[in-house]
Amino acid sequence: MNKAIEKDKRNMNTGRFVHTSSNMVQHVRNIVEGYKMGSLRALAQEPVQNALDAVREGQGLVEVEYRLLRRYPAAGGLCYLLTITDSGTTGLRGPMVSDEDLEARHFKLKPEENWAAFEAQGYTKENEGALGSRGQGKAAFLYHSYVPGQTRRMLMLYDTLLADGEYRLGMRFARPVDQRRSPPFYNEEAKAIVQDDTFQHGDELSIPLGLAPLRDIGTRVIIPYLAEEDVPKLRPDNELGRWLQRCWWRAIQLGKLQIRVVDDETGAEQTIEPPAWWQDMLREKGKPKQSGFWVDLPDGGRACTWGELPLDDGRQIRRLVILHSDALEEDEITKDHPEFAGIQILRGSQWIETPGARAYYGDLIPLNKRAGFRGFVEFGKQTDSALRAAENSQHDGFDARGIKGKVVRDIRNELVDRVREFSTKMGWEAASQISTQQVTQREKTTLTRFLETFLNPNGRKPSPSSPKGEEEGTRLLWNCRLDLDYPDPDCARVDWGQSMCNVYVEVGFEPSEDLVGNANLILEWVDAAGEAQEICRRENSISKHWGKDRVQKQFELGDWQILRGKASQEHQIECPEPGECRLRAAVEYRGMRAKSAARTVYVQTEPPPPPEKNLVTLSISATNISRDQKRIDHGEVLQLQINARNRMAEAGAFYFVATLADEVFAKDLPVELEGTPLGTKHPK
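Counting from 1, one number per residue, gives the positions in the sequence shown under this note's numbering.
Just to be clear, a hint being listed does not mean it is correct.
Said to hold, decoys possible - DSS-like mimics (lysine-lysine), calculated; alpha carbons at most 25 Å apart, straight line:
#1 Lys595 <-> Lys36
#2 Lys287 <-> Lys425
#3 Lys369 <-> Lys287
#4 Lys381 <-> Lys406
#5 Lys36 <-> Lys425
#6 Lys289 <-> Lys233
#7 Lys289 <-> Lys191
Worth flagging that the hints you see were computed from the coordinates, not collected in a lab.
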């Protein structure tokens, strides 16, 4: 038996709740409220994804059960529990890993150490992506627990039965400081706690349980004290079941998955099944054709299946199915983000997003045909892998920007072509004629010039001058933009073991012909003490393109993991001290920093609250109007621009006193302008 497990068992009578530094309540809310379709989609999506990721070798079917139970706490009243149980999985294997052991191993978890990964101790597994779904799943569980009290608190329990017969029970409590039981309860003690009517947590909280221990290898998560408003949605044939169908119907249809929703109070039960329109559609034998295979549906509708549609870079669409039936009615939970009415993009038999019939294909599908429009598209392993790299951490959308987003753009373009083909075959040409109106060349030129001016992030070009380090007459203007995805989309915090994902840098310069030689791109990590270390360099990667006035260069720099211990691999950053850090991209041109951009990263630290806005703000700029410079020589015209904002409810009189510093003038003669009232009339 593993020595670490034996050590945990010896200490089980002295186990306690250990603290971490994070505000778990706020962290969970930030994660789950980042799901654009709501928290129930997160609850329907993340636990099942965790189970499929942990499928046991040789097991063909993973089963997941959502069970709603009514309980009566010792303090009185009524509460509900939700249990989510998976079987056909490995369970939460591996020991409870101590901080000392982790530090000796450079904060790495082994692939089979699922228990430590589930407890989200801020570390990642070897040979796995830095952003697993366990962290998202834990947040989805905790978010739906409303522990009684004056402050927002959350609670979850989790038990697991392993292949060797071992039984464990763990607990996590957010009050709002994060606490977890260390070590967990084992075997008979764990089973006794689960079966007991109440588990007492100190003097402040009793947790009603009264559950049967697990009989099959797998994992169960227990969410006590559900919010009252969520209980009806969690019953069979309600909102939870609808989300489960949307997310997992294809995996169910292919025989990979079975999901049940059970109401222990009423005895009602729902087995999730694919939507009726996909159940009833006739199937073509063998591989679908690139040219499309058309079938007439029993309800009078029509459907077409395409297969092996080529994309760029050797990727392809394995199967695309589109159907329409006037007998189908709109079946959407949310109004802002389509679920069925469009083409569902599936990755690994899991629904991620739906380009909608109205937003994406509105010029190809008549208004009265959109409610009955359905489709789905799926891919092979290579394209699935590319899509995963462009997928957001909530698994409910794709980022179509940059190099990683190219596969998303290719897929969307191919879908538009197939919808156009489908529309023509269905006789919907009238809808598409609106989008093919011709414009004159003069209109195109005018529109192009307007967009180029409007979208230019640098404004007007400066007049020819000689910035330091460049030749006379050069007027090269640089722009640099740095984007990344944080683990929590609403917070700039990154804990040890987590990653900054999809780091993307875009460099622009104009005019192209004035670039002498090439420029380098540098990516740096600046720690909390202000010390910078270069983590990536692209030599001579920025160069001119003949015939283009303005050139933009994109860099897809991947994911970067923050480690407390030693960085032993590429794309890892050693950061032993918590605090406010920065990821910085810089353009190096002719030995000098021409432009840079940075993003703040709070390592193992809560970001500060946003600053309060001042009631009155003022900004002043001074420019030499004749030379577009800050230096003013004798006889030249000084242009002052003053911007003031009054956020108070009432109007007020303001006085400006402007002092021009010595270095502005050719001669060291400071000038002071006395303040004068703006007047008594003020805009309401």
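Outcome of the hint check:
1. Lys595 <-> Lys36: 35 Å, violated
2. Lys287 <-> Lys425: 22 Å, holds
3. Lys369 <-> Lys287: With Cα atoms ~29 Å apart, Lys369 and Lys287 exceed 25 Å; violated.
4. Lys381 <-> Lys406: 17 Å, holds
5. Lys36 <-> Lys425: 35 Å, violated
6. Lys289 <-> Lys233: This hinted pair is violated, its Cα atoms lying about 42 Å apart.
7. Lys289 <-> Lys191: 55 Å, violated
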